[in-house]
Amino acid sequence: MLSEVIGFKRLAVRLLPSSFLMLSCMILSFIFIDAKPAYTLPLSHSVPVRAIPAFARKYGLPCSACHTAWPELNFFGLAFRDRGYQLGNERDSPIWQNPSFWPVTARMTPNWHRESTDQQLTDAVPGNPASGFGPPGTVMQHGFDLSGMDLWLAGTLYKNISFSLLPSSDSTGTFHFENAFVRFDNLAGSKWLNLQVGRFELDNLISEKRFLFLSANGGFYQNYHFIPLGDSNTFGIGDNQMGVALQGHSSNSYTRYTVAVLGSNEGGVGFTNSVTPPAPANNFTGRDYDVFLAFTQGFQTGSLGVQRIQPFIYYGHRPTIFNQTVTGVPIPGTGSGNEPFYRVGVQSDFFLGKLEFLPFFQHARDNVHLANSVPSNTPLSPGMQSAIWNGGFIETHYYVNPKLVFTQRWEIVRMAQQGNTATPSTQGNIDAYSFGYRWYPIMFSRAGLAWHMEYSIVKSIGMVPLSLNGSGLPPLTSTTPVWSSSAFVGFDFDF
Amino acid sequence: MKTNIQAKSFVLSWVLALVVFLAGATSGFAQIDTNIHAATKNMESHIGDKTGHAYGDGQGRPDAGVQLYRRYCVGCHGAGGDGEGENALWIDPKPRDFTLATFKCRSTPTGTLPTDEDLFNNITRGFVTTNMPAWNALTEQDRANLIAMVKAFSTRWQTEKPGTPIMIPPETPANIDSILHGRELFEKIQCWKCHGPEGHGDGPSALTLTDTKGNPIRPYDFATGTRFKCGATNQDLYRIFMTGLDGTPMPSFSDNIKPEEAWDLVHFLRTLQVSLKTPELTTFQTWLKGHPNTLKPIGQEVPPGA
Amino acid sequence: MQARYALLPVLFALTVAVASVGPAPAGTIEGKVTYTGTPPKMKPIDMSKEPTCAKEHNPPLLSENVVTGPANALQYVVVYISAGEQSAQPPSEPVRFDQKGCMYVPHILPMHTNQPLQIYTDDPFTHNIHPMPKRNPEWNKSQPPGAPPIDTKWGTPEFIEVKCNIHPWMHGYFAVLNTSHYAVTDNEGNYSLKGLPPGKYTVTAWQEQYSTQSQEVTVGATGAASVNFVFKVTPYLY
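For the record, the sequence lines run as chains A, B and C.
Going by my numbering, the first sequence opens with residue 1, and the numbers climb by one from there.
Going by my numbering, the second sequence opens with residue 1, and the numbers climb by one from there.
Going by my numbering, the third sequence opens with residue 1, and the numbers climb by one from there.
Just so you know, the hints here were simulated from the structure itself, not pulled from any lab data.
From a predicted model like this one, the values you see are computed outputs, not experimental measurements.
Hints should not be assumed to be uniformly reliable.
[Unchecked claim] When the alpha-carbon atoms are kept at most 25 angstroms apart in a straight line, the in silico BS3-like pairs for lysine-lysine are as follows: (1) C:Lys100 to C:Lys153; (2) C:Lys49 to B:Lys296; (3) C:Lys55 to B:Lys296; (4) B:Lys41 to C:Lys134; (5) B:Lys41 to A:Lys354; (6) B:Lys296 to B:Lys277; (7) B:Lys289 to B:Lys277; (8) B:Lys50 to B:Lys161; (9) B:Lys50 to A:Lys354; (10) B:Lys161 to C:Lys153.
[What the hints assert, rightly or not] Listed next, the stretches of chain A that the computed footprint assigns to chain B, with coverage defined by at least 3 CB atoms under 8 angstroms from CB atoms of chain B: (11) 86-92; (12) 302-311.
Where is the CB? At the ideal position from N, CA and C, for every residue including glycine.
Just chain A, with the same shape it has in the complex (with noise of 0.2 angstroms):
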């Protein structure tokens, strides 16, 4: 084995020494992966994550002129996107475009995935429940999969009329919306006032559907997701919201705003706010409606490129108390006793030439009534309080050229305040780290094609880690850590 590694290390330097890093960095991923014993989860959900070839077939632009790497925008791709999916050039409209034009865009990653969490109970004896359970130890699993699937629409109606729909399904098959809204451009000929109507995903800086990870550990950000535990919050930052935005920037979209109303149910349809997956603790939806507003303004500076920021607030209510039938059946679309709680922070996106750092900070609280998953009519316990917690994560990307980018994160969850004084203080607190590559070996103007490679190690203390395959067991004391890891690699394809 060792002088397979000797020999693949001088062929490297005889074909490409500047692929070292990449080189190193796959070592690196093994041998973390063979030496944590591991296991998998089947990937039943990947976190959906969007760039359209149909717009580089619509435009003929290649994929690297709106994305960074995609699906991560640029400039000129947030640009285009807050045009309302527009150029500008007055043809934009669909008269415009041919006829045989059809604005839809499949996505999927056929992979394969190696999973492992530690400090799990299994039985003692293999297959014998009776047996009792053994000492706590790792569950490991490997194996070839599927990638959730996209199939998403977008375009225009009309000149400065845009819409999206995006019919999102995990890797059975099973499908949701996604997104789904219109979008009116330019009211009032003004580029300040532009209208977005559906289900839609926040106006985020640092985007999660558009993000350069894809494994169970690393294919979502803790902060955008993270809710301590026995509260019945289902607010994530990063789930999209079903309401109205206004929106406005500047003619390069250096300055931005927006202003949001979202119902409080979640982003779910109908009156209750069955998002799938993954299903939410509470399916009922509030009678209420929260609000969102970010602020983004960017700077130039000079060779190193531009630097952006963004302060964002999110507050709303969620419900505490279900209305149920005699039998004790809840009725959907009932949910009262709405109570507040909210998320503040600054996302911002710094260039040092090719190196992109992704920079998040978050202060959440969430109020007592959620943070204990107690009724508002109902009398609170000693000790029960707010649940205050503060986050943050730096993602840095480096773009060897627009068809090789290096990412890695960092990210961390602390809780400031539990919702319950008994509580040890370190329950919940999160650390992960994540890294990998995605090289596309294409990069034209009809189709994207990526090999990815990614790496992520989480610790959660006295909670299982929070991952795509949304499965495991809490360990056996509050204050354990719990370790789960993701390898993953596979071909990410778009048409």
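Model the placement of chains B and C on the given structure of chain A, informed by the hints.
Leaving out everything else, chains B and C in the frame of chain A:
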């Protein structure tokens, strides 16, 4: 058993890694597949206080314009800058061929190279009714680098100097005398042969027009009111017909129109943009109401000597 | 021979140009350019969009892409020395290109690189002159009636198509050459390159539809050599 599985997966990992690495290495994924003239690698552009570079250090390190070009431009303008990108076939009007160094929108006389600022303004503004978007979301430094890159595709930039921008005198009042004189010019210098008597882009020669590469091209239809390819202001309009749009049938009139007359033509052309309700149009319409049947229709007079 | 030259002002101008170059006229290369195959039929030019010209040319002129003469002669073929010449200095005398009755006179104008070129208009309406070079800078200028001639020159050898976009049938060529020894064949396909010192030369013939042909020839001390060219023609234009 467990060890066996681990060993297998370890080997599998290595095989996968090796396959992708070899694939990547042999296809040269760390390279930028853009071909420019070796002699022009150290091409620079100067826009204000910004200096743009085609190659980062002039030594062949593709860190500046060439990489940006690969990222944003290559799909239409092609790896060789010849306007034969993979999408050129589907695009009308066709992408610019940088190897000819012929550019529509210039501040310089016909037949001369544009200034760096001209090119910078062009990519910042984009070209309306074409596939060329406004690249104003890119930093000024990136745009400057791209200009250096555009220049690297033709050696003309090494042997010739950009032309001297034409002088544009202060605009004269847009009164009715100016408009009427502009109308005479419009007829005399035969603008209407292509742009049509009413400026609808339907003159007798309109259907025969091709650009230098033989592709059909339409004259501007003033009635639509879309902004001009080379800008939206009266100054831009002045510049368009005094410098000509090189590479297209639109000639330069700078040898034949005096500067003050040129403003008259500008003012008349504005009256043709009926959908914009320009102040010039209002002036003209007011005058027309008081002088019915005074003006002969354009293009219907018998030419002298007939 | 002299009578033939008199047929075409262009060749007359050429002989003047050729005669003025070179210290001691020594040798001459003469020959004839013919075709095999079926040449395309030249169509009558519809000038109805410029009534003055339509009246002037009645019956209408034929287009000039492939002009043939008696005995399979091919007219408007540029024949020139493409290699073997010792020195080539651009003459200071300008060559003249005219716009007359909505036609270019001559249809093909050969010239030395950097030789002054004057473009005149005799017509009572505006033309635009739009040369479309690939290697020289492209320009496009309007020239209204009575305007002074446009003074210009070309620095790089190239066959440059020139057209008037206002009158799209107007179509001609500037043959910019690195030599003063050139000729354009007359209606009988004849040409003559004069004033060549003894030596070995490459003679090239260029026709706008059928590209170039070259032959090597040696001009001896006594002076005369003969080179004929045969172009294979097709019954369609491309």
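Okay, the hints, checked on the actual structure:
The suggested pairing of Lys100 of chain C with Lys153 of chain C holds, with an alpha-carbon distance near 21 angstroms, which does not exceed 25 angstroms. For the hint pairing Lys49 of chain C with Lys296 of chain B, the CA-to-CA distance comes to about 19 angstroms; that is within 25 angstroms, so the pair holds. Our distance criterion of 25 angstroms between C-alpha atoms is met by Lys55 of chain C and Lys296 of chain B, whose separation comes to about 24 angstroms. The hinted pair formed by Lys41 of chain B and Lys134 of chain C meets the criterion: a straight-line CA distance of about 22 angstroms does not exceed 25 angstroms.
Note on Lys41 of chain B and Lys354 of chain A: the hinted pairing holds, with a Cα-Cα distance of about 20 angstroms set against a maximum of 25 angstroms. Distance check on the hinted pair: Lys296 of chain B and Lys277 of chain B sit about 23 angstroms apart at the alpha-carbon level, within 25 angstroms; holds. Only pairs whose Cα atoms come within 25 angstroms are accepted, and Lys289 of chain B paired with Lys277 of chain B is accepted, the gap being roughly 16 angstroms. Among the hinted pairs, Lys50 of chain B with Lys161 of chain B is consistent with the structure: their alpha-carbon atoms are about 19 angstroms apart, no more than 25 angstroms.
At roughly 19 angstroms between alpha-carbon atoms, Lys50 of chain B and Lys354 of chain A fall within 25 angstroms of each other, so this suggested pair holds. Restraint check: the Cα-Cα separation between Lys161 of chain B and Lys153 of chain C comes to about 17 angstroms, which is no more than 25 angstroms; the hinted pair holds. Look at the region 86-92 of chain A against chain B: 5 of its residues bring a Cβ nearer than 8 angstroms to a Cβ of that chain, three or more, so the hint holds. Counting residues of the region 302-311 of chain A whose C-beta lies closer than 8 angstroms to any C-beta of chain B gives 4; at least three are required, and the coverage claim holds.
No hint from the list above goes unmet by this structure.
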